[in-house]
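**Student:** Let the hints inform the model, and build the full structure from the sequences given.
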Amino acid sequence: MLSRSLSSHKTTHPSIFLSLTHSFSSSPPSPPSPSPPQHPEDSAILQRLHHKDWLTPKEVTTLLNSLTHHSSALTLLHLYSSRKDFNLTEPFCVSLITRLARAKLLHPIQSLLQTLAHEKKLRRFSEDFFYSVIKLYAHSLNRIDKAVDTLYAMPSFRCVPSTKTFNFVLNLLVSARVYEVAHEVYASAGRLGVEVDACCLNILIKGLCESGKLEAAYKVFDEFPKSGLERNVRTFATLMDGLCEKGRVEEAIGLLEVMDRSGVSGDTIVYNVVIKGLRKKGMVEEGKQMLERMMRKGCYPNGSSYQEVLYGLLDAERFSEAKDLMERMILKERVSPSFVSYKVMIKGLCKRNLVEDVDWAVRQMVLQGFAPRMGMWKQIVKCMVSQEITSNRVSVEDILEDLCCMDADTVPISLPCN
10 MLSRSLSSHK
20 TTHPSIFLSL
30 THSFSSSPPS
40 PPSPSPPQHP
50 EDSAILQRLH
60 HKDWLTPKEV
70 TTLLNSLTHH
80 SSALTLLHLY
90 SSRKDFNLTE
100 PFCVSLITRL
110 ARAKLLHPIQ
120 SLLQTLAHEK
130 KLRRFSEDFF
140 YSVIKLYAHS
150 LNRIDKAVDT
160 LYAMPSFRCV
170 PSTKTFNFVL
180 NLLVSARVYE
190 VAHEVYASAG
200 RLGVEVDACC
210 LNILIKGLCE
220 SGKLEAAYKV
230 FDEFPKSGLE
240 RNVRTFATLM
250 DGLCEKGRVE
260 EAIGLLEVMD
270 RSGVSGDTIV
280 YNVVIKGLRK
290 KGMVEEGKQM
300 LERMMRKGCY
310 PNGSSYQEVL
320 YGLLDAERFS
330 EAKDLMERMI
340 LKERVSPSFV
350 SYKVMIKGLC
360 KRNLVEDVDW
370 AVRQMVLQGF
380 APRMGMWKQI
390 VKCMVSQEIT
400 SNRVSVEDIL
410 EDLCCMDADT
420 VPISLPCN
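In this text, residue positions in the sequence shown follow the working numbering: the first is 10, and each later residue adds one.
These are calculated hints, taken from the structure and not from any lab test.
A virtual CB, placed ideally from N, CA and C, is assigned to each residue, including glycine.
Do not rely on the hints blindly, as some may be mistaken.
Stated by the list, open to error - EDC-like cross-link-like pairs, simulated, lysine to aspartate or glutamate; straight-line CA separation at most 16 Å:
hint : residue 1 : residue 2
1    : Lys144    : Asp154
2    : Lys173    : Glu204
3    : Lys356    : Asp368
4    : Lys297    : Asp324
5    : Lys228    : Glu239
6    : Lys352    : Glu326
7    : Lys255    : Glu219
8    : Lys352    : Asp324
9    : Lys235    : Glu204
10   : Lys356    : Glu326
11   : Lys360    : Glu326
12   : Lys391    : Asp368
13   : Lys173    : Asp137
14   : Lys93     : Glu68
15   : Lys306    : Asp276
16   : Lys228    : Glu260
17   : Lys67     : Asp94
18   : Lys173    : Glu136
19   : Lys290    : Asp324
20   : Lys332    : Asp368
21   : Lys391    : Glu365
22   : Lys297    : Glu330
23   : Lys289    : Glu259
24   : Lys352    : Asp366
25   : Lys61     : Asp94
Claimed, not checked - Pair ranges (Cβ atoms, derived):
hint : residue 1 : residue 2 : range
26   : Ala225    : Ser197    : 17 to 25 Å
27   : Val169    : Asn311    : 38 to 46 Å
28   : Gly312    : Pro49     : 47 to 55 Å
**Tutor:** Encoded structure:
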């Protein structure tokens with residue numbers, strides 16, 4: 010972690026470049042070459058730094074941003090650090106670190122931050138600067154550990170992390186499933202001077218639910234009123250999703266009542282979480298009722314809402330009701346059932362030899378832009394042959410053999426059965 014506890018030392022311009030190019034080396038650095046390798050495309054830009062005319066920090070930053078190759082940033086820094094007008098301003102440092110991060114040059118970034126931390130006269134950098142550095146560590150370099158180190162180092166630069174930056178790091182850790190470190194970061198909020206908000210607690214609940222610690226998630230849920238914070242719809246949705254994933258759907262439904270008492274309006278995400286949980290437990294009727302309930306509450310279902318209920322009906326082999334729902338989705342709600350829905354529907358209808366319904370399903374499937382695959386065509390042909398072509402003594406094996414020789418895109422939608 011960056012720290013100013015080490016003794017400060019005077020840094021001359023050339024040593025900045027030396028520290029960048031030889032950072033984190035256990036052996037003494039070898040003498041540097043006169044200049045790092047240059048890319049021909051950037052020669053004209055870099056040549057400006059050989060001129061003796063004075064360059065403002067803004068002009069140098071513009072030159073840096075104009076480079077074609079990210080790795081040329083080190084060359085520019087080498088030339089700039091030897092000039093009398095050298096000045097590590099915040100905009101220049103942001104552009105430099107961005108270039109180095111995109112060139113996957115981790116060590117020079119760390120060394121630059123160390124240099125800034127140990128300058129005799131500490132520079133003041135804004136909170137936005139550290140937020141940018143943290144994002145680059147996380148997204149461009151995939152080094153969440155360095156993002157955490159930077160967060161911890163901010164007070165040494167006399168900069169208090171914002172809640173946005175703190176929550177960004179916390180969410181990174183939870184998304185990466187590094188739950189223990191996430192808890193450590195959360196516990197450091199007071200030391201860093203960060204004021205915890207509802208978003209922070211929501212992230213913590215998400216991490217606890219994902220790690221299976223639902224009772225701990227409930228404790229954080231109960232902390233909201235104690236901390237003077239209001240639970241929002243994301244708070245409920247996150248905890249309800251964790252409960253449904255563990256099969257505790259009844260508790261999730263109970264939280265809907267808590268939402269009503271708290272004056273929090275449920276959104277589509279909340280209801281979809283519950284409907285999905287009910288479907289996984291085979292509670293089809295309850296899923297249908299939840300769909301109607303959300304509409305009564307003024308929350309309009311989306312495609313996922315209908316799709317989960319449809320999956321439940323198909324899982325229960327209630328194909329007649331599934332067909333009715335599909336017709337409602339297509340004609341009234343303008344929502345297209347998924348490819349998997351059609352596949353399961355057709356398979357079930359074929360097993361029951363419901364030829365007319367199979368024909369309807371295939372036609373609707375194609376109208377929605379899906380193409381039945383060869384395995385589905387085999388099931389369809391077997392169903393139709395068993396019902397309507399037996400009298401013509403057509404060999405099912407012959408038809409399937411012909412189909413196998415055809416390209417999937419050329420297979421007809423409806424087969425003649427005369």
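**Student:** Taking the hints in turn, state whether each one holds.
**Tutor:** Outcome of the hint check:
| no. | hint | in the structure |
| --- | --- | --- |
| 1 | Lys144 <-> Asp154 | holds, 12 Å |
| 2 | Lys173 <-> Glu204 | holds, 10 Å |
| 3 | Lys356 <-> Asp368 | holds, 12 Å |
| 4 | Lys297 <-> Asp324 | holds, 14 Å |
| 5 | Lys228 <-> Glu239 | holds, 15 Å |
| 6 | Lys352 <-> Glu326 | holds, 13 Å |
| 7 | Lys255 <-> Glu219 | holds, 10 Å |
| 8 | Lys352 <-> Asp324 | holds, 12 Å |
| 9 | Lys235 <-> Glu204 | holds, 14 Å |
| 10 | Lys356 <-> Glu326 | holds, 10 Å |
| 11 | Lys360 <-> Glu326 | holds, 11 Å |
| 12 | Lys391 <-> Asp368 | holds, 13 Å |
| 13 | Lys173 <-> Asp137 | holds, 10 Å |
| 14 | Lys93 <-> Glu68 | holds, 15 Å |
| 15 | Lys306 <-> Asp276 | holds, 9 Å |
| 16 | Lys228 <-> Glu260 | holds, 15 Å |
| 17 | Lys67 <-> Asp94 | holds, 12 Å |
| 18 | Lys173 <-> Glu136 | holds, 10 Å |
| 19 | Lys290 <-> Asp324 | holds, 11 Å |
| 20 | Lys332 <-> Asp368 | holds, 12 Å |
| 21 | Lys391 <-> Glu365 | holds, 14 Å |
| 22 | Lys297 <-> Glu330 | holds, 11 Å |
| 23 | Lys289 <-> Glu259 | holds, 13 Å |
| 24 | Lys352 <-> Asp366 | holds, 13 Å |
| 25 | Lys61 <-> Asp94 | holds, 10 Å |
| 26 | Ala225 <-> Ser197: 17 to 25 Å | holds, 18 Å |
| 27 | Val169 <-> Asn311: 38 to 46 Å | holds, 41 Å |
| 28 | Gly312 <-> Pro49: 47 to 55 Å | holds, 53 Å |
Consistency with the previously given hints is maintained throughout, with no hint failing.
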